[in-house]
Structures are given as structure tokens and as C-alpha cells.
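*Asks:* Sequence:
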Amino acid sequence: MKILIAPSILSADFSHLGRDIATVEKAGADWLHIDVMDGHFVPNLTIGPAVVKSIRPHSKLLFDVHLMIGRPDAYWQSFAKAGADLITFHAEAAVSARKLIREIKRAGLKVGVSIRPKTKVETLFPLLSLLDVALVMSVEPGFGGQEFQRSSLDKIKAVRGYITKKKLNCRLQVDGGIQLSTAPDAVSAGADVLVAGQAIYGAGNPAAALRGLKRVLSSVN
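Our numbering numbers the first residue of the sequence shown as 255 and each following residue consecutively.
Honestly, the hints are just simulated from the structure, not real lab data.
Keep in mind that a hint or two might mislead.
[What the hints assert, rightly or not] Here are the simulated distance ranges between beta carbons: (1) 293 - 335: 38 to 44 Å; (2) 384 - 456: 21 to 27 Å; (3) 332 - 469: 33 to 39 Å; (4) 324 - 383: 24 to 30 Å; (5) 472 - 311: 30 to 36 Å; (6) 401 - 346: 17 to 23 Å; (7) 356 - 470: 34 to 40 Å; (8) 466 - 273: 16 to 22 Å; (9) 307 - 472: 30 to 36 Å; (10) 352 - 307: 26 to 32 Å.
[Unchecked claim] In the DSS-like style, the derived pairs of lysine-lysine whose C-alpha atoms are separated by at most 25 Å in a straight line are: (11) 411 - 421; (12) 353 - 421; (13) 314 - 256; (14) 256 - 364; (15) 374 - 307; (16) 359 - 314; (17) 256 - 372; (18) 256 - 421; (19) 353 - 364; (20) 314 - 353; (21) 419 - 374; (22) 421 - 364; (23) 468 - 314; (24) 364 - 374; (25) 280 - 468; (26) 420 - 364; (27) 468 - 256; (28) 256 - 307.
Given the structure is predicted, the values throughout are model-derived calculations rather than measurements.
All residues carry an ideal CB built from backbone N, CA and C; glycine is no exception.
Given these sequences and hints, build the entire structure.
*Replies:* Written as C-alpha cells, this is what we have:
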């Protein structure tokens with residue numbers, strides 16, 4: 255399966271957001287990762303539906319909206335209307351994950367579920383057959399630029415093993431601390447979608463950084 259790179263706009267220059275999105279799209283980005291934080295579920299505030307709506311006309315990339323919020327059931331529809339293609343919510347925040355998955359799918363969107371580093375990986379297993387994406391956080395969500403938690407590799411391997419055993423059509427995404435030195439390990443463990451923020455937008459040349467990451471991953475089994 256092709257390894258996909260989803261640059262995270264959390265690390266972009268918000269005063270030139272359209273430009274920064276165009277830069278990675280032209281350089282070969284596969285998805286655009288959009289981190290939504292509410293200051294409650296995680297200790298940070300980022301963007302709302304208005305920003306997603308404003309950038310939607312300027313990109314053909316799949317909008318991968320990651321809801322790091324306490325009430326995903328109350329707000330996902332606003333992001334769907336704003337232009338999200340994929341909605342990922344946290345297992346820890348959902349009142350009923352299965353019900354929310356069904357609602358998002360009925361709206362015609364792809365759906366993912368994420369777990370934090372301290373959440374047991376088995377939480378994902380009963381949901382994987384329903385999902386388009388399973389997201390394993392390799393840092394504690396809230397801020398970009400954190401160091402990759404190597405303990406997440408065992409979780410990635412476990413999820414990949416379950417997906418393979420059950421022959422499921424579910425992508426395995428990893429978010430947090432992804433850079434040239436950690437991306438190959440995440441892919442070797444079983445990830446096939448990597449979110450990268452600082453590694454791309456924190457570089458002097460984001461386009462070159464993205465191409466360099468793709469080049470490194472092209473040689474990883």
C-alpha cells in the first residue's frame with residue numbers, strides 16, 4: 255500500500271496559510287491534516303469551521319480533519335459542511351463511538367478514530383472494521399513539535415497486525431514527532447499515513463522537506 259504524507263497546517267504560517275497549503279500540494283502532499291483543538295480535551299486552541307471553509311476552495315487535497323475536542327458529536331457536522339473529507343475523532347471523547355461513526359458515514363464522509371498515548375490499543379480493535387482510518391497518536395495531543403514516543407511503535411504493530419489478520423480496508427495513521435529519523439520506524443511498524451508538521455513547515459524549504467521525507471520512505475518496506 256502506498257505510504258501517504260499528510261502535512262499538518264498546525265505548523266504552517268497562518269498569515270500565509272493559502273500559500274503554505276499550495277506549497278505542499280505542489281510538492282506532492284497526499285492529504286492535508288487539519289488539527290482542531292478546543293482548549294478542553296487538549297490544552298490548546300486552534301481553528302474552527304470558518305478556517306476550513308475559507309481554505310477549501312484553494313486546495314484539491316483530501317481534508318483530513320482531526321477533532322481533538324471534548325464533544326465531537328456536537329461539532330463534526332460544522333466541519334463536514336465546511337469541506338472536510340475525513341473526520342477523525344478521539345475514542346476517549348465519544349459518548350458512543352459506533353453511533354458517531356455511523357452518522358459521519360451516512361453524511362458521505364470518511365471516518366477515523368484516534369487514541370492518545372495512554373489509551374489501551376485494544377480500544378480500537380472493535381471499531382476497525384467500521385473505519386477508514388485508525389490514528390495512533392505518538393505524542394500527547396495539543397502541541398506540534400513534540401518528540402516521538404517510541405512506545406507507540408508497539409501500538410502501531412498491534413493495530414497493523416489486527417488489520418492484516420482480519421483483512422480490513424483501514425488506513426493506519428500516525429501523528430506526532432514524525433521526521434526523517436522517526437518516519438521509517440513508524441512505517442516499518444505498520445503505518446501507511448504519516449502526519450508531519452514541524453518536519454515540513456518548520457524547515458527552511460517545506461517543499462524540499464516534503465520531497466525528502468517521501469524519498470526516505472520510498473526505500474522502507
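*Asks:* None of the hints should be skipped; say for each whether it holds.
*Replies:* Now for the hints, and whether the structure bears them out:
Under the hint 38 to 44 Å, the C-beta atoms of residue 293 and residue 335, about 22 Å apart, miss the expected range. A beta carbon spacing of about 35 Å between residue 384 and residue 456 contradicts the range 21 to 27 Å that was offered as a hint. In this structure the hint that residue 332 and residue 469 lie 33 to 39 Å apart at CB holds, the actual value being about 38 Å. For the hinted restraint 24 to 30 Å between residue 324 and residue 383, the CB-CB distance of approximately 26 Å keeps it satisfied.
Between residue 472 and residue 311 the beta carbon distance is about 32 Å. The supplied range of 30 to 36 Å therefore holds. The beta-carbon spacing between residue 401 and residue 346, approximately 22 Å, falls within the hinted interval of 17 to 23 Å. Judged by the Cβ atoms, the range 34 to 40 Å given for residue 356 and residue 470 holds: they are separated by roughly 38 Å. At about 20 Å, the CB distance of residue 466 to residue 273 agrees with the hint of 16 to 22 Å.
Between residue 307 and residue 472 the CB atoms are about 35 Å apart, so this pair conforms to the stated range of 30 to 36 Å. In this structure the supplied range 26 to 32 Å holds for residue 352 paired with residue 307, their Cβ-Cβ distance being about 29 Å. Note on residue 411 and residue 421: the hinted pairing holds, with a Cα-Cα distance of about 15 Å set against a maximum of 25 Å. For the hint linking residue 353 to residue 421, the alpha-carbon distance of about 23 Å falls within 25 Å, and the restraint holds.
Proposed proximity of residue 314 and residue 256 is supported: the alpha carbons are some 19 Å apart, at most 25 Å. With a C-alpha separation of about 18 Å, the suggested pair residue 256 and residue 364 falls inside the 25 Å cut-off, and the hint holds. About 34 Å separates the Cα atoms of residue 374 and residue 307, which puts this hinted pair outside 25 Å; it is violated. Taking the CA atoms of residue 359 and residue 314, the gap is near 21 Å; set against the 25 Å cutoff, the hint holds.
Taken as a hint, the residue 256 and residue 372 pair is broken in the structure, with Cα atoms around 29 Å apart against an allowance of 25 Å. The suggested pairing of residue 256 with residue 421 holds, with an alpha-carbon distance near 17 Å, which does not exceed 25 Å. At most 25 Å may separate the alpha-carbon atoms for a hinted pair to count; residue 353 and residue 364 meet this at roughly 14 Å. About 29 Å separates the Cα atoms of residue 314 and residue 353, which puts this hinted pair outside 25 Å; it is violated.
Distance check on the hinted pair: residue 419 and residue 374 sit about 19 Å apart at the alpha-carbon level, within 25 Å; holds. The straight-line distance between the Cα atoms of residue 421 and residue 364 is roughly 19 Å, inside the 25 Å bound, and the hint therefore holds. Taking the CA atoms of residue 468 and residue 314, the gap is about 20 Å. The hint holds against a cut of 25 Å. Restraint check for residue 364 and residue 374: the C-alpha separation of about 24 Å stays at or below 25 Å, so the hint holds.
Distance check on the hinted pair: residue 280 and residue 468 sit about 14 Å apart at the alpha-carbon level, within 25 Å; holds. For the suggested pair residue 420 and residue 364, the alpha carbons sit about 20 Å apart, so the restraint of at most 25 Å is met. As the CA atoms of residue 468 and residue 256 are separated by approximately 11 Å, the hinted pair is consistent with the 25 Å bound. Between residue 256 and residue 307 the CA atoms are separated by roughly 29 Å; this puts the pair beyond 25 Å, and the hint is violated.
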